[in-house]
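Student: Read off the chains here:
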Amino acid sequence: MKFLRVALIVFFVMFALRAEAVLDNIYQPPQLKPVDSELKVKVGDLASDFTLPCICGENITLSDFRNKKNVMLSFIPAAWTPVCSDQWPGYNIARHFFDDSETIILGISVDSTATLHAWVDAMGGLWFPVLSDFWPHGGLANEMGVLRSDGMAERAVFLIDKQGEIVFIHVEDINRRPPLEMLVNALHNQLVD
Amino acid sequence: MFRNHLINNFSLQIAVFICMLILFAPSSLKADSFPEIMLPMPEEEHSAYLGLEHGQDGFFLNEVAAETVLVQIFSMYCPICQREAEAVNELYYMIQDKGLEGQIKVIGIAPGNSAFEVSVFRDQYDIPFPLFPDPEFEWHKLLGEVGTPYFILVEIQDLGLLLTHKGAFEDPAVFLKRLSSP
Chain A
1 MKFLRVALIV
11 FFVMFALRAE
21 AVLDNIYQPP
31 QLKPVDSELK
41 VKVGDLASDF
51 TLPCICGENI
61 TLSDFRNKKN
71 VMLSFIPAAW
81 TPVCSDQWPG
91 YNIARHFFDD
101 SETIILGISV
111 DSTATLHAWV
121 DAMGGLWFPV
131 LSDFWPHGGL
141 ANEMGVLRSD
151 GMAERAVFLI
161 DKQGEIVFIH
171 VEDINRRPPL
181 EMLVNALHNQ
191 LVD
Chain B
194 MFRNHLINNF
204 SLQIAVFICM
214 LILFAPSSLK
224 ADSFPEIMLP
234 MPEEEHSAYL
244 GLEHGQDGFF
254 LNEVAAETVL
264 VQIFSMYCPI
274 CQREAEAVNE
284 LYYMIQDKGL
294 EGQIKVIGIA
304 PGNSAFEVSV
314 FRDQYDIPFP
324 LFPDPEFEWH
334 KLLGEVGTPY
344 FILVEIQDLG
354 LLLTHKGAFE
364 DPAVFLKRLS
374 SP
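In order, the protein sequence lines correspond to chains A and B. Position 49, counted from 1, in the first sequence is what our numbering calls 49; the numbers after and before it change by one each time, with no gaps. Quick note: to get our numbering, add 193 to the position in the second sequence (first position is 1).
Next comes chain A alone, as it looks inside the complex (with noise of 0.2 Å):
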């Protein structure tokens, strides 16, 4: 019986420590072409409207937050990849940012629900929906000119004002994070100003 709970007590303390274990795994991909594809959307276009899965469960329609809230559509390439893991956890202690600017973020990735699910929770959560782009395989991006020949897309931010209008865009080095000051910079010049 004393073995039992004792055995348990250790069984408690290895899954606290799953989460850390989990992200020690991450798969570490190789040196990619910064940049690998063409963008057909540019700052004034109006943003096509978009309907993809969430992780929460629900569907997510852009033209839900019309004159509601302005939107970052942050695509990152793949779940379970070291500088994706490394970036939208950031955007949890820097939110205050995108609040003041009454700004909401809808992360995107190809990747399926679950997956992405399974990874957001190893994560440790994030405030914000993360919609998956899988089915048809990466159509958003592709329309939005951001999935790369390899099925992944890149590392891009658009801002989308409450008009539903394109105003910033920044498709970064695959290999890299955006740097989090033009990200806020661009949130206080085109939503606040």
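Possibly wrong hints are sitting among the right ones.
On the chain A side, residues computed to face chain B include the following (Cβ under 8 Å) [said to hold, decoys possible]:
{"no.": "1", "residue": "Pro178"}
{"no.": "2", "residue": "Pro179"}
{"no.": "3", "residue": "Val192"}
Looking from chain B toward chain A, a few residues come up when the C-beta cut is under 8 Å (computed) [as the list claims (entries may be wrong)]:
{"no.": "4", "residue": "Ser268"}
{"no.": "5", "residue": "Met269"}
{"no.": "6", "residue": "Gln275"}
{"no.": "7", "residue": "Ser307"}
{"no.": "8", "residue": "Phe309"}
{"no.": "9", "residue": "Glu310"}
{"no.": "10", "residue": "Phe314"}
{"no.": "11", "residue": "Gln317"}
{"no.": "12", "residue": "Trp332"}
{"no.": "13", "residue": "Pro365"}
{"no.": "14", "residue": "Leu369"}
Don't read these hints as lab results, they were simulated from the structure. Source: prediction; values computed, not measured. A virtual CB, placed ideally from N, CA and C, is assigned to each residue, including glycine.
Starting from the known structure of chain A, arrange chain B on it as the hints suggest.
Tutor: Only chain B this time, still in chain A's reference frame:
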């Protein structure tokens, strides 16, 4: 009765052993001494904490007024570093409260983070010790590109590494004991 006692003791020892294996797994830092890197001079309050003369352009770790320096490698983007921030602050205050300031000083280095990103982390968690951005991963490469969070206890005299720890340390009091007698 005696047999049960033996089994219980044995179980406990196995349990503790497994936990120790998980918590104190060997690190992946390859160097055996801290690289001679020049860090930028921090603001006045932090220069005083490190015992540095304000006005210099930068400083080397062996100029810090302490027997050892605990270097935390972290990133504002790293969720484990975010969860661990309060525990690291607690460790810092524990060192002050126990009068161990002359023995251990704490600094943080943030690979791939800009000064702005480091300031977001500092403000969010009210970090009391000096933090240094390493936006182009220059120091990180010299440190063997370790993951975050990562802790290195450096002996000031010869920059030898007294202890390395990968990942969160969970209990600040337990970790401080390890730092005090590495």
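Student: Are any of the numbered hints broken by this structure? If so, which, sorted upward?
Tutor: 1, 3, 12, 13, 14
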